[in-house]
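Turn these sequences into a full structure, and let the hints steer you where they fit.
Chain by chain, the residues:
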Amino acid sequence: MSSLAGLLSPLEGRPHVIIVLGKGGVGKTSTSILIASELKTQGKTLLVSFDQAKHILRYLNLRRSMEIVEIDDNLSACQLDIEASARELTSRYSDLVAELFPSLTVLNLEDVTKVLKYAPGVEEEVFLRWLADIYENREYSYVVIDTPPTGISLRTLVLPRLYLIWLDKLINIRERIVSLRYVISKTLGREVKVSDPALNKLYELKEVYSKVKDALSSASRTSYVIVTNPEPLPMFELREILNFLDSELMMKPKLLVMNKVLPRDVATKLGTYDEQARAIEEFKSIQYRSVMIPYANNPSSRLEDIVKLREFIVVVRG
Amino acid sequence: MFKLVKRFLGELVLFVKGINRAILEDSVSALELEYSELEAAFMTIVLGPLVGVKTVSPILSLELLSTLKDEVKFLESRALKGKDLLGDLMSSLGGEW
Ligand SMILES: Nc1ncnc2c1ncn2[C@@H]1O[C@H](COP(=O)(O)OP(=O)(O)OP(=O)(O)O)[C@@H](O)[C@H]1O
Ligand SMILES: [Mg+2]
Numbered sequence: 001m002s003s004l005a006g007l008l009s010p011l012e013g014r015p016h017v018i019i020v021l022g023k024g025g026v027g028k029t030s031t032s033i034l035i036a037s038e039l040k041t042q043g044k045t046l047l048v049s050f051d052q053a054k055h056i057l058r059y060l061n062l063r064r065s066m067e068i069v070e071i072d073d074n075l076s077a078c079q080l081d082i083e084a085s086a087r088e089l090t091s092r093y094s095d096l097v098a099e100l101f102p103s104l105t106v107l108n109l110e111d112v113t114k115v116l117k118y119a120p121g122v123e124e125e126v127f128l129r130w131l132a133d134i135y136e137n138r139e140y141s142y143v144v145i146d147t148p149p150t151g152i153s154l155r156t157l158v159l160p161r162l163y164l165i166w167l168d169k170l171i172n173i174r175e176r177i178v179s180l181r182y183v184i185s186k187t188l189g190r191e192v193k194v195s196d197p198a199l200n201k202l203y204e205l206k207e208v209y210s211k212v213k214d215a216l217s218s219a220s221r222t223s224y225v226i227v228t229n230p231e232p233l234p235m236f237e238l239r240e241i242l243n244f245l246d247s248e249l250m251m252k253p254k255l256l257v258m259n260k261v262l263p264r265d266v267a268t269k270l271g272t273y274d275e276q277a278r279a280i281e282e283f284k285s286i287q288y289r290s291v292m293i294p295y296a297n298n299p300s301s302r303l304e305d306i307v308k309l310r311e312f313i314v315v316v317r318g
Numbered sequence: 001m002f003k004l005v006k007r008f009l010g011e012l013v014l015f016v017k018g019i020n021r022a023i024l025e026d027s028v029s030a031l032e033l034e035y036s037e038l039e040a041a042f043m044t045i046v047l048g049p050l051v052g053v054k055t056v057s058p059i060l061s062l063e064l065l066s067t068l069k070d071e072v073k074f075l076e077s078r079a080l081k082g083k084d085l086l087g088d089l090m091s092s093l094g095g096e097w
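From first to last, the protein sequence lines stand for chains V and U. Each step along the first sequence adds one to the number in the working numbering, with nothing skipped, and position 48 is 48. Each step along the second sequence adds one to the number in the working numbering, with nothing skipped, and position 83 is 83.
Source of the hints: derived by calculation from the structure; they are not laboratory data. No incorrect hints appear here.
Cross-link-like lysine to aspartate or glutamate pairs, in silico, EDC-like; alpha carbons within 20 Å at most: (1) V:Lys-169 to U:Glu-34; (2) V:Lys-201 to U:Glu-71; (3) V:Lys-169 to U:Glu-63; (4) U:Lys-73 to V:Asp-95; (5) U:Lys-69 to V:Asp-95; (6) V:Lys-252 to V:Asp-214; (7) V:Lys-186 to U:Glu-34; (8) V:Lys-186 to V:Glu-175; (9) V:Lys-44 to V:Glu-67; (10) V:Lys-193 to U:Glu-34.
The model shown is predicted, which means the values in this text are computed figures rather than measured ones.
Here it is, written out as structure tokens:
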């Protein structure tokens with residue numbers, strides 16, 4: 001029996017965040033559960049799932065999303081619903097929109113906030129806000145994150161850097177605006193207001209996003225785990241994610257997991273043996289710590305079943 | 001003679017004061033121009049995501065707008081009152097840039 005936690009170590013920082021990435025259906029949720037159930041023996045662990053299928057609710061018998069539930073002494077879990085969060089966040093702003101653009105109420109304010117929820121960037125923004133909160137939460141030693149679909153996840157991971165570019169621009173302009181306002185008022189002998197709420201807000205946002213950006217690119221705060229299957233599409237996505245981590249975050253994955261490896265005879269019978277062999281060969285050639293998990297006959301649907309998978313883990317590269 | 005000089009000096013003082021005033025107003029209006037241009041640029045970036053110009057996210061935009069209520073209200077009072085309110089607002093930002 002091998003230890004995933006051992007392969008992931010060292011895990012510094014509080015909390016150390018383990019981000020589990022991979023194509024839909026490859027076993028991100030199962031892997032996240034495996035990792036979390038090992039880490040809990042080393043320290044207080046939180047498992048956060050952004051899984052849209054909400055499998056984790058069923059796996060862990062959680063009753064509903066958005067609340068942290070204690071599974072046992074050292075393990076808590078939480079299913080976060082990105083769509084619900086987006087809805088909540090946008091509706092929180094509908095009053096503001098109504099106040100700022102009163103004419104919109106005559107039109108159809110409802111529609112504006114409804115559409116806003118689907119606006120590009122909102123889901124990523126919601127995910128990012130949760131991430132920012134997670135990095136600040138010192139209650140846990142480890143937080144394992146079961147991510148939403150790859151597209152959203154990767155866009156979210158670059159978002160802080162993107163935002164900082166805009167925030168810097170905005171701060172530049174705003175500082176100039178505030179100082180011009182000061183000079184103009186002073187020259188004309190008017191009363192001068194020095195503090196500017198917008199500028200303060202910009203500074204505050206810059207701090208939040210700088211922190212997340214640094215944490216996401218810091219091996220001492222974050223470990224990336226990528227899960228794949230011995231099939232062309234999951235392998236394609238693995239390469240995409242590797243590329244992304246390298247070029248956008250200057251990070252290497254801590255661990256690669258090839259899940260659902262079929263026994264030779266079964267793969268041969270299914271006619272997928274060659275395809276699987278090619279994928280495994282490529283997987284083995286990648287220079288990072290990696291493990292393989294065989295396909296289990298009884299589909300894991302409960303925590304106990306998933307934890308049993310651990311017995312079959314094979315270390316490819318330690 | 002003395003009276004004449006005094007009047008001349010008096011006029012000179014007024015003249016200089018006037019020039020100063022003119023220079024002052026001139027420079028302030030130059031500053032004001034720059035100010036309104038910057039304000040327009042700033043609001044364009046902040047309001048952008050609400051009209052499909054991708055800058056920050058719509059949520060971030062709204063968060064910033066909540067600190068800019070007065071400015072937005074001022075802009076809105078300048079904007080046409082058509083069906084496409086945000087569109088009118090954006091076009092009212094105009095500017096020479
Ligand atoms: N090693 C395995 N052997 C057999 N079945 C597995 C194995 N790992 C995962 N599964 C099954 O595959 C399905 C997908 O697993 P899981 O939910 O962990 O994947 P996921 O990547 O989180 O999926 P999603 O993208 O839908 O969130 C589940 O039904 C699970 O029981
Ligand atoms: Mg999942």
